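Number of protein chains: 2
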Amino acid sequence: MSRKSSLSGFMELIPDEQVQFDAIVRSIRATYALFGFDTVDHRCVEPLDTLMAKGETSKEVYVLSRLQEEKDGNSSSKRLGLHFDLTVPFARYVVENAGHLKFPFRRSSIGKVWRGERPQAGRFREFYQADVDIVAKCENGQTEMQALPMFNDLEIVEAVGFALKQLESQGAPAATIHINNRKLLQGCYEALGVKDYPKALQIMDKLDKIGDAAAVEELLAAGETEENARKCISIAKIRATTVDELQDNSLIMELAERSDLAKTGLSELVYLLESVNMSEYDVKCVADLKITRGLDYYTGSVFETFLDGLENYGSVASGGRYANLTSSFDGKNQYPGVGMSIGVSRLFSLLSDSEKLNTTADGESAIMVIVNDETSRPSSNYVCAKLRASGVTSFVCPNSNKFGKQIDFAARRGVRFVLFIGDDDKLQLKNIETGEQNEYSI
Amino acid sequence: MSRKSSLSGFMELIPDEQVQFDAIVRSIRATYALFGFDTVDHRCVEPLDTLMAKGETSKEVYVLSRLQEEKDGNSSSKRLGLHFDLTVPFARYVVENAGHLKFPFRRSSIGKVWRGERPQAGRFREFYQADVDIVAKCENGQTEMQALPMFNDLEIVEAVGFALKQLESQGAPAATIHINNRKLLQGCYEALGVKDYPKALQIMDKLDKIGDAAAVEELLAAGETEENARKCISIAKIRATTVDELQDNSLIMELAERSDLAKTGLSELVYLLESVNMSEYDVKCVADLKITRGLDYYTGSVFETFLDGLENYGSVASGGRYANLTSSFDGKNQYPGVGMSIGVSRLFSLLSDSEKLNTTADGESAIMVIVNDETSRPSSNYVCAKLRASGVTSFVCPNSNKFGKQIDFAARRGVRFVLFIGDDDKLQLKNIETGEQNEYSI
Chain A
29 MSRKSSLSGF
39 MELIPDEQVQ
49 FDAIVRSIRA
59 TYALFGFDTV
69 DHRCVEPLDT
79 LMAKGETSKE
89 VYVLSRLQEE
99 KDGNSSSKRL
109 GLHFDLTVPF
119 ARYVVENAGH
129 LKFPFRRSSI
139 GKVWRGERPQ
149 AGRFREFYQA
159 DVDIVAKCEN
169 GQTEMQALPM
179 FNDLEIVEAV
189 GFALKQLESQ
199 GAPAATIHIN
209 NRKLLQGCYE
219 ALGVKDYPKA
229 LQIMDKLDKI
239 GDAAAVEELL
249 AAGETEENAR
259 KCISIAKIRA
269 TTVDELQDNS
279 LIMELAERSD
289 LAKTGLSELV
299 YLLESVNMSE
309 YDVKCVADLK
319 ITRGLDYYTG
329 SVFETFLDGL
339 ENYGSVASGG
349 RYANLTSSFD
359 GKNQYPGVGM
369 SIGVSRLFSL
379 LSDSEKLNTT
389 ADGESAIMVI
399 VNDETSRPSS
409 NYVCAKLRAS
419 GVTSFVCPNS
429 NKFGKQIDFA
439 ARRGVRFVLF
449 IGDDDKLQLK
459 NIETGEQNEY
469 SI
Chain B
29 MSRKSSLSGF
39 MELIPDEQVQ
49 FDAIVRSIRA
59 TYALFGFDTV
69 DHRCVEPLDT
79 LMAKGETSKE
89 VYVLSRLQEE
99 KDGNSSSKRL
109 GLHFDLTVPF
119 ARYVVENAGH
129 LKFPFRRSSI
139 GKVWRGERPQ
149 AGRFREFYQA
159 DVDIVAKCEN
169 GQTEMQALPM
179 FNDLEIVEAV
189 GFALKQLESQ
199 GAPAATIHIN
209 NRKLLQGCYE
219 ALGVKDYPKA
229 LQIMDKLDKI
239 GDAAAVEELL
249 AAGETEENAR
259 KCISIAKIRA
269 TTVDELQDNS
279 LIMELAERSD
289 LAKTGLSELV
299 YLLESVNMSE
309 YDVKCVADLK
319 ITRGLDYYTG
329 SVFETFLDGL
339 ENYGSVASGG
349 RYANLTSSFD
359 GKNQYPGVGM
369 SIGVSRLFSL
379 LSDSEKLNTT
389 ADGESAIMVI
399 VNDETSRPSS
409 NYVCAKLRAS
419 GVTSFVCPNS
429 NKFGKQIDFA
439 ARRGVRFVLF
449 IGDDDKLQLK
459 NIETGEQNEY
469 SI
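Line by line, the protein sequences give chains A and B.
What the first sequence shows, in my numbering, is residues 29 to 470, in sequence order.
What the second sequence shows, in my numbering, is residues 29 to 470, in sequence order.
Chain A with its partners taken away, still in its complex shape (with noise of 0.2 Å):
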């Protein structure tokens, strides 16, 4: 990872780096299916008013043209871009498909997106995204909470803790969750009597950029009061690892009274802080009442996901809760949904050059077939077909080098065993690094 990308901001692995990556998106796949999440392959693109379809976005989306379209000037047909999530292509699938889907529908997706950003350390403009999802409709006059309980938004954090936590084995440090809800800063800052609520979240979003005196001004200059923007960053300020410790806040508990909204969001927070501390994933969480989750539309709770020791690259795996995640694009039904999303490419970039990783090349488990000379090749080929057919990764040498020099072909691959044909016809399996020598059959 320290190789200069020949395209700034587009990631490409040598073999050994390599190793390591699919080793990380295995691991993740693994754990989400083992919580019975169905899987989507979403398509890469979408149309340009889809990816839009929310109005403003902070995302550069990268559109499409066919090049034979320029050429003949006949540029008529819908505009296409390349999703810059996996969230909008998700909402769109929900209403598309809903005929065909079993509500609450557990989905998880990992592929590649597109952003035309500035590359720097750990941003990308291609990379992989990894996102559980839990999506359910509103039936019969259900309510968001009764179509989509908050055990739900545990299901994710567990989901998501559990997948990081089993990254630790490949060398990943310990992952904490911060936690945070929508309603209850919502709430706060209505109890507080803040002019423009969204202006507000987008200042204390950047607070740990900025520092506490710019946020300041930017409030003030967004119309706020001196004494409520001081309040905004005590608040932003209050993180809590137990229930105890966030009801031990009285600027809070205080809002809280003045606000039903805040007083819900805060009951949200509580259950789900309780819920993962009790939790048998042995997952880290925190209240930590800075998270907002910037311009998105998140309406409840809101996660974002930090590395001990790497906390300052920022969330490896960050989301939240829609009241409604498909609003723009089914405007008579109500699909409330619940999610998080692991920065793959970021995760491992992080890992990567903080030299976290120790997962060891495919190779040591390999065997190299050697080939006694070049008329004998068949029976080398015949030794590995045989490996293969039960399940052993193996390849037969080039070449037909003498003996030592096979040996060192293979010692160059990383592959740790030979098998060669002895001299009465046995087959003989050699250790290259111990140089230990058995009689093999396969």
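Hints are computed from structural coordinates only; laboratory data are not their basis.
You may find that some hints are simply not true.
The list makes no distinction among identical chains, and a pair is therefore deemed to hold if it is satisfied within one copy or across any two copies.
To be verified - Derived pair list, reagent style DMTMM-like, types lysine to aspartate or glutamate, alpha-carbon separation capped at 25 Å:
| no. | residue 1 | residue 2 |
| --- | --- | --- |
| 1 | 318 | 245 |
| 2 | 87 | 154 |
| 3 | 193 | 339 |
| 4 | 414 | 196 |
| 5 | 165 | 40 |
| 6 | 106 | 154 |
| 7 | 87 | 40 |
| 8 | 106 | 88 |
| 9 | 237 | 288 |
| 10 | 130 | 452 |
| 11 | 165 | 218 |
| 12 | 106 | 453 |
| 13 | 32 | 358 |
| 14 | 384 | 288 |
Being a predicted model, the structure only gives us computed values, none of them experimental.
Based on these hints, arrange chain B on the given structure of chain A.
Quick look at chain B alone, frame taken from chain A:
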């Protein structure tokens, strides 16, 4: 797959179909790994000049632009496009990363590619390919065949043949790999005195579609004699499943006598046909002199693959050998390569449309944990966490309706087993198809 896609040419599956698709990809990936190929995940985006490096391409390229850039009227940066296959990015990757690769380099890559063509049955604008390639580097004056002997072509045919064979357990019909050789064709055409070899090749490539009469007409129009036109067609009709059968053909044997190039090509074809027939992998192949691979720049073996009974849908796995894979990107070094690509999306759509697939939903082996009442949900969560920790795919019922209703909920999802906490706090596992019920311990 009978549903109409909301964006023509862009396949997206409902969960039951996705299970089948994922099983195919997983199986192919496992076979490629078994054969000891390293994986490379190519970025999807290339500079346009890389995509067009070979000059004329019949593939319609999607060009990218940033929406923001359009607005700013600033498009000074390098133009980018989506890759239309995994071979061009591989060639570029080999040159860029040669210092990090060990040659001969065995690489597999499974990923999406895009072509702005008119969608048809089995032909998509966004689709998966699953490639295997072996690429060597000519060093110290090595010739192509010294650096990359013909047994590499055999290895590629076996890897793809075995990968397709493994899919038969999922319901795929047997596949036959059709092999030809560009040297043989070019040598024969030279011996005949065919004037425009590339043009003749293109006409023969569509022989099945246009028929003999039209092919003769096109060859005449291209300046060939009627006798040569007839002979080109006679050559294209040669098929042989054994070496004896091939060598019984007097036309091909006579032409091979008159051209060294044809003789070399014939001996390569004979080697492959003979080796595959002797191979342990039970791969069906046929020498088929109609196979040309049209405009593609192969220089030796060429391959196409047809499924028994579904021949009319076209090839599901194609490829061939390049004397110099990287000629467009590296003027100094020679990297001969041989590879094949399974058209996974096409393969899936053929099998799905012809109702061949028998893969069942993952739910078959999953367990749903019953919730006795909402207050005891944490106990059900606890049981579920234990199941998952022991590697069993499971989830907790998202409602706490009556027992029978929860069982209906599981059944509608294709889940066969439910687990519940019985009167004496003992776990009971129930097969909801057979009604069988047993005490269960995790």
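Structure-based check of each hint:
1. 318 to 245: Answer is within; shortest intra-copy Cα gap is 18 Å, inter-copy 75 Å.
2. 87 to 154: both (13 Å within a copy, 23 Å between copies)
3. 193 to 339: within (16 Å within a copy, 48 Å between copies)
4. 414 to 196: Result: close only across copies, 19 Å inter versus 36 Å intra.
5. 165 to 40: between (40 Å within a copy, 21 Å between copies)
6. 106 to 154: both (23 Å within a copy, 16 Å between copies)
7. 87 to 40: both (22 Å within a copy, 24 Å between copies)
8. 106 to 88: Answer is both: 19 Å inside a copy and 17 Å across each meet the 25 Å cutoff.
9. 237 to 288: neither (32 Å within a copy, 72 Å between copies)
10. 130 to 452: For residue 130 and residue 452, neither the intra-copy (63 Å) nor the inter-copy (33 Å) Cα distance is at most 25 Å.
11. 165 to 218: Result: close neither inside a copy nor across copies, 29 Å intra and 68 Å inter.
12. 106 to 453: Answer is neither; intra-copy 67 Å and inter-copy 60 Å both fail.
13. 32 to 358: between (44 Å within a copy, 19 Å between copies)
14. 384 to 288: neither (46 Å within a copy, 57 Å between copies)
In summary, the structure is inconsistent with hints 9, 10, 11, 12 and 14 from the numbered list given earlier, while agreeing with the others.
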